[in-house]
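Listed in order, the protein sequences are those of chains A and B. Every letter in the first sequence is one number past the one before it in numbering that gives the first Met the number 0, and letter 153, counting from 1, is 152. Every letter in the second sequence is one number past the one before it in numbering that gives the first Met the number 0, and letter 244, counting from 1, is 243.
Heads up, a few of these hints could be off.
If the Cβ cut is set under 7 Å, some of the chain A residues that face chain B in the computed set are [stated by the list, open to error]: (1) M604; (2) N691; (3) D693.
DMTMM-like cross-link-like pairs, simulated, lysine to aspartate or glutamate; straight-line CA separation at most 25 Å [what the hints assert, rightly or not]: (4) A:K588 / B:D209; (5) A:K588 / B:E188; (6) B:K316 / B:E188; (7) B:K267 / A:E662.
Derived coverage of chain A by chain B (criterion: at least 3 residues anywhere in the stretch with Cβ under 8 Å from a Cβ of chain B; other residues may be distant) [what the hints assert, rightly or not]: (8) 611-623; (9) 765-773.
No wet-lab data here; the hints were simulated from the structure. Each residue gets a CB set at the ideal place from its N, CA and C atoms; glycine is no exception.
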Amino acid sequence: MNVNQSAPPVPPFGQPQPVYQGYHQSSYGGQPGSTAPTTPYGAYNGPVPGYQQTSPPDYFKIKSLGIPGWFSGSVPKVISQSFSFCPLPSGVSRAPPSSEAPPASTAQAPCGQASYGQFGQGDVQNGPSSTVQMQRFPGSQPFGSVPLAPVVSQPTVLQPYGPPPTSAQVTAQLAGMQISGAVAPALPPVGLGYGSPASLASASGSFPNPGLYGSYPQGQAPPLSQAQGHLGAQPPQRSAPPQASTFTSPASGGPRMPSMTGPFLPGQGFGGPSLSQPNHVSSPPPQALPPGTQMTGPPGPPPPMHSSQQPGYQLQQNGSFGPARGPQPNYGSPYPGAPTFGSQPGPPQPLPPKRLDPDAIPSPIQVIEDDRNNRGSEPFVTGVRGQVPPLVTTNFLVKDQGNASPRYIRCTSYNIPCTSDMAKQAQVPLAAVIKPLARLPPEEASPYVVDHGESGPLRCNRCKAYMCPFMQFIEGGRRFQCCFCSCINDVPPQYFQHLDHTGKRVDAYDRPELSLGSYEFLATVDYCKNNKFPSPPAFIFMIDVSYNAIRSGLVRLLCEELKSLLDFLPREGGTEESAIRVGFVTYNKVLHFYNVKSSLAQPQMMVVSDVADMFVPLLDGFLVNVSESRAVITSLLDQIPEMFADTRETETVFAPVIQAGMEALKAAECAGKLFLFHTSLPIAEAPGKLKNRDDRKLINTDKEKTLFQPQTGAYQTLAKECVAQGCCVDLFLFPNQYVDVATLSVVPQLTGGSVYKYACFQVENDQERFLSDLRRDVQKVVGFDAVMRVRTSTGIRAVDFFGAFYMSNTTDVELAGLDGDKTVTVEFKHDDRLNEESGALLQCALLYTSCAGQRRLRIHNLALNCCTQLADLYRNCETDTLINYMAKFAYRGVLNSPVKTVRDTLITQCAQILACYRKNCASPSSAGQLILPECMKLLPVYLNCVLKSDVLQPGAEVTTDDRAYVRQLVTSMDVAETNVFFYPRLLPLTKSPIESATEPPAVRASEERLSNGDIYLLENGLNLFLWVGASVQQGVVQSLFNVSSFSQITSGLSVLPVLDNPLSKKVRGLIDSLRAQRSRYMKLIVVKQEDKLEMLFKHFLVEDKSLSGGASYVDFLCHMHKEIRQLLS
Amino acid sequence: MNGSVFRTMATYLEFIQQNEERDGVRFSWNVWPSSRLEATRMVVPLACLLTPLKERPDLPPVQYEPVLCSRPTCKAILNPLCQVDYRAKLWACNFCFQRNQFPPAYTGISEVNQPAELMPQFSTIEYVLQRGAQSPLIFLYVVDTCLEEDDLQALKESLQMSLSLLPPDALVGLITFGRMVQVHELSCEGISKSYVFRGTKDLTAKQIQDMLGLTKPAVPMQQARPGPPQEHPFVSSRFLQPVHKIDMNLTDLLGELQRDPWPVTQGKRPLRSTGVALSIAVGLLEGTFPNTGARIMLFTGGPPTQGPGMVVGDELKVPIRSWHDIEKDNARFMKKATKHYEMLANRTATNGHCIDIYACALDQTGLLEMKCCANLTGGHMVMGDSFNTSLFKQTFQRIFSKDFNGDFRMAFGATLEVKTSRELKVAGAIGPCVSLNVKGPCVSENELGVGGTNQWKICGLDPTSTLGIYFEVVNQHNAPVPQGGRGAIQFVTQYQHSSTQRRIRVTTIARNWADAQSQLRHIEAAFDQEAAAVLMARLGVFRAESEEGPDVLRWLDRQLIRLFMFHLRRSPFLQVFNNSPDESSYYRHHFARQDLTQSLIMIQPILYSYSFHGPPEPVLLDSSSILADRILLMDTFFQIVIYLGECFHSGFGWFVLVQTIAQWRKAGYQDMPEYENFKHLLQAPLDDAQEILQARFPMPRYINTEHGGSQARFLLSKVNPSQTHNNLYAWGQETGAPILTDDVSLQVFMDHLKKLAVSSAC
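Required output: the full structure, derived from the provided sequences and hints.
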């Protein structure tokens, strides 16, 4: 990105803008006349053909846009897909050879095509011509645009825009970035041509772009361009490159790009884009178009947009990125355009921005929308091996037919390379994100409980895997062969059953363990600690009553809440009463235990001041049944705030508190959970005493990692003891200043607990958030004293684990507590060759104690495909899961390496993944093209979000505690959470009609998407902002805030007034529903445009350049492209 | 001759008795040999039993302060033995002969207007000091909760009851312990708070005070100023509160006391943290009320089984140490525990507090290890089988008994100072005291008992607390005391009266010197056999505590040959056979603090015989006294035994009586006039026993048994085994009951002694 950016964007922009218009128009036009475009492509195709062929195999959506390359590549592909004829020729030329593996060479084109085809979205292909492309554009274009942009300076951009119509090729978009430059030139000349290209675009419209971008600039471009008709553009591109360089910071990159891509680009580029488009198009096309307004607009119009944007990219790359987003004043003007983009599409008027058009690069929003539309309507049936589930953002039902629901397990790829060599080459991490106790929607049944009686669950004698649908019964049912280790076991007599003619047990469908992916076994006493059935778990509430806690009103609030909350302890099944017992401790420098035995008239307090050697002062009467001791408990909760009302004690202890809770559970011989409510750095003389070591000077030094490491090893030791006892710790922090979250969260982290942090807690402001979190945390179903083991079939094995747990050996994940929100990410590595036939199996077995004290085993099985072709891998990846893994990997990395190293590692890995794709799966195309696999086209944008997250790139306002807190949070997030956390959801509130019951379609997280006449909600799972544009209609202001004007809105407001009008109801309803979707309550903050608080808000507009130096999406894409090219060279 | 001797004796008896009543002092010799050499030849040392606070209803304290000798090394107190020059308003100290001016307040004195302290009948006088802060008495209950339910209930009731007996302004505190130790905060309303300590961890005083939050104000304890008293209660108010303020609270708290909630698995003893509990009690008072009268009252129902001061492990299969184990050096916890408790005892003594131990259990409770706590601080030690017995209940109640003035029979933080005239030096003291290590001109280099000082601290004492004080005559043989010279001794006891006043009791006595060679008869006549016996016994016990048993016996045999000694040899004070270490400690404890009469009973129990043949009569403590038709009443101080003899021969044998007594009672024979004699006979020993029970502290074990009953062993073990299974037939059946023992009888013992005496004479 940086590289690209170097070039002065401005001028290009100016140009591009016009181009845009042109593009749009053209694109628009192009689409309609899809066929027409094809022909032009056809020309291009000529060269491309071979590529095309290659591309098809690749499946991928092409992202790269060597400008020239794009054209060439894309064209061919496009042709191939959309227009068989055209493509064919092109395909012929290149495609055949490249076929599947076709080297990256023209990858773009091929890719695009391939992706279309392979994706099986042949449908898409159908749509291809016009519609398809449209859709693709959104996705594909972005990709393409980027790379292109750099190369092609503004002019190219313009051109690309033209091509964008063809934009179908995402790749093109990417390429566009670079290409833009290249394209621009083409465009300019084309100028008019744009229109034409656009028209062409419909078919290959995108191609032009790509072509323009990458290939054109480069020497090769010319021919391509010519071929494609983009030729015209190409030349400019060439010229562009220099421009590009100038424009985009990437200048350097730009130039390189061109050079690299140049050669290939021509044919490939075209093909690629086109192809990509089709892919995208597949499902989305139609829809995309309609929604089109803005975003969607892009789809239809967007293609053009993209193309146009592509040029824009370049600009962006240069400076445009920043500016485009709005930061740059210059661009400002263009921006306005940006917002209008949406509209623009409609009114194909020219916003001739010169840079890469953000709309042209892959849009998360689009992808999400597409998936929702395509896969949200039908249940996901798990019977088929290696099926990629719908995205986490899609609402779908699951039918368990033998594999675990994606709610329990998601994989980075559902098709695993057969050999470790392939895996190493691809660099795609093989990981599964497992959420063993995930909550299910009411429509889905929770796992059946199977009781195998005294002998316990049936297992393989050798590897101890549990009976599952993949076990193969042989010899008439007398034996079974383990699907994990191939060991042949006898079937115990009581389990014997005949087989039917297919070799299946007759009772297969009567037994969950033979027909379902997820189920539970009742554990026998052999599975219990000390060979004793566990007693019901206990909750211990441990409340800081030091001065700060009292003063903030926390203690009073909490005690009041607990009185009613205790009625809602988790219970199992239909039981009337929770089996969970409760206990209470308050503490400051010393600990106060309470005897709340039901026979007492008054609670009794027992003070333990020997914090150096903590122990539990009482047994009987400390942990009680709520209903039996209700009166005493109520009396206690009434008195606690009074007793300490006059406290002057400011010092607190921490480790002894946990120790005490743990000892209490130990004494009671049960597992359980501690709820700690803590306010300050524990500086009192005691084990685990901490000092303030917050030092911002360490940031960006090699010592930065120490900020994430615990100050003392004492907490690890303590955590170990807790885990051994099944003592899970949930920590609620209410700091007014530095409390060293990194250290305090060690125990919660290792015991499977959660940390909640309420900085500067004030009852008025934070009450609701805290209480809501508390309620949820107390009520949620938890498994205690759990051990998780992930077994795999021969060939791969689990090698690394991420999450909130403790491991004392390399295979068993020990979780003192595990709730439905906690996720464990497991990484696999090859240790042998896999077999395509048999695939790969995962079995996750979780042994735990339920809330009622029942010992159970929950089993999740998942079968994956194995492939010998890398393309298969890339086609079955899931970017969200990948990001989940990569974020966790990186967040753990900061403990040991400098943050910069971690960032670089991520970037490198990402580049390698994409380069491998480009090299092995995409059809050959110009190096100037950025080609992204369809399944990973969001990888760059998401990765960029990870890279600029607070942990990896802290801004000035981010405290050390915040970083540690977030780091800790992410570690046990599931895929849906990481998804929204890294790429926040931005919802316009007034765009859709008030009556519509559905959630408004989101917009991309960029300032330029904000209209100052609108109101937006932004959420990332932790924060919730309501952004109010400065020129929002008074009526809206009135009906939402009950004030007469914008200026009267209180900035920072956290509650919307309850007003009886449709808008207010709708917004509040929306807020509620958003909150309901998240595991933590999101406090609302109302932000006014141009207000101080807006800085805070802007922090979450992740596609923009961040104040802390994080790259904008476009910049990053360019940078990615550069990296890839380096790798390819 | 005989007559005169008798008269002399009578005189001396009177003299001794008079002195005892007036001064609470009994000397082994009432005429003193005038030189060291002669004194040494006397074998029985010059010593006295002093009861510092002997009740003197006839002695009202004077409300002013004593006049001291101005010589800094002397500081003796003006007494009737001083020579006074009324005209010059001067007095001469009878110890150092310093001449002192009377203070201004005495300007009006004359031969006819004498202050009390100059009057001969006020050889003992008590002053009330006006200065000094009057801090309330403090009672800190340290309660074991590892008890059986009914035991705990009984204890709780006793404690609740005791609240009504305490002076209203007294401060009380409560510590309970089991596996943990809880220090209860008493000031709070509503919720009851307690500080809990791990029962296994030895904490320093400072740690304890830190953890109790007692160290906050670093205010130096300056008791002299009138202001500070207010601060004290403030600092410690959470744990020690005036009874009148919190008796309701505390009653409730005691009522809610649970048994130690920690489960005790089969085959284990409950974990009992007595050592830590005591340590915390001591630390608490040390930090809050040093040098004020305070009682730590430990109620325990079993041996400490964990932490510092543990006496036995919690495995029931390992029994608590016995004498046998101790001899074999097989009591693994004893030394450490003893050290722990000694450390505590010394600290407590330093602070002027005392520790009572109320141990009620069927097995031993570790008194052996803990004894020093009571012994060194003047606390009580009570041993019983259960808290649910009258023995404990009444004994405990008796602690709070009041004297004729309505004051509690207890005093605190006493300092006893002994001043002697030049011919004498103080060799030591034996009793519930610790040395203050004050060297002075009158301190002997030879130590008998706790020596090397002429001042001792007695943290807790009552009107019967008695110390044995041993002297050494230092006058050289060649520098005789002038004829008619008298030696003087002044006992100055400064203490906190139960009314919280500080008082000083001064006793000044004088005895004649006599030349042993020329006036042997005088000296002989003035020998107090009883006092000597007790004093020697104390020495013996003191040695027994610190030396090996047999050696002590040998030493004693060498030293003294008298009737008492036979019984003393067999007494539990020296003989550990048949006694557990705890019992021995218990008996010795009381022996070292009871007054002369009680001590004598302990050494040689009293035996009364009741029959239809005549009034009750004291009989020989001999197996020959155990006759079939008698009811016997034995008082050993610790036990009251009523023994019904068996009767086969007489008209209505006791055996029959015993067998049918229930029927007779049912039939109401004792209520019929014609059987009144039967009723009386039955009743008489009971009444007598009751009388003893009423008066004695601690309450004796009351045993009502008959011939052949298992409890008869209490009697049989005491009597002189003149008839045993060995010589039974020689004595004839009808004369008494044979004792199954290998112990020698008095007869044999005497014969042996005679032989020894003769041979040693050679």
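- Which of the numbered hints above does this structure break? As far as the earlier hints go, 2, 3, 6, 9 are violated by this structure, in ascending order.
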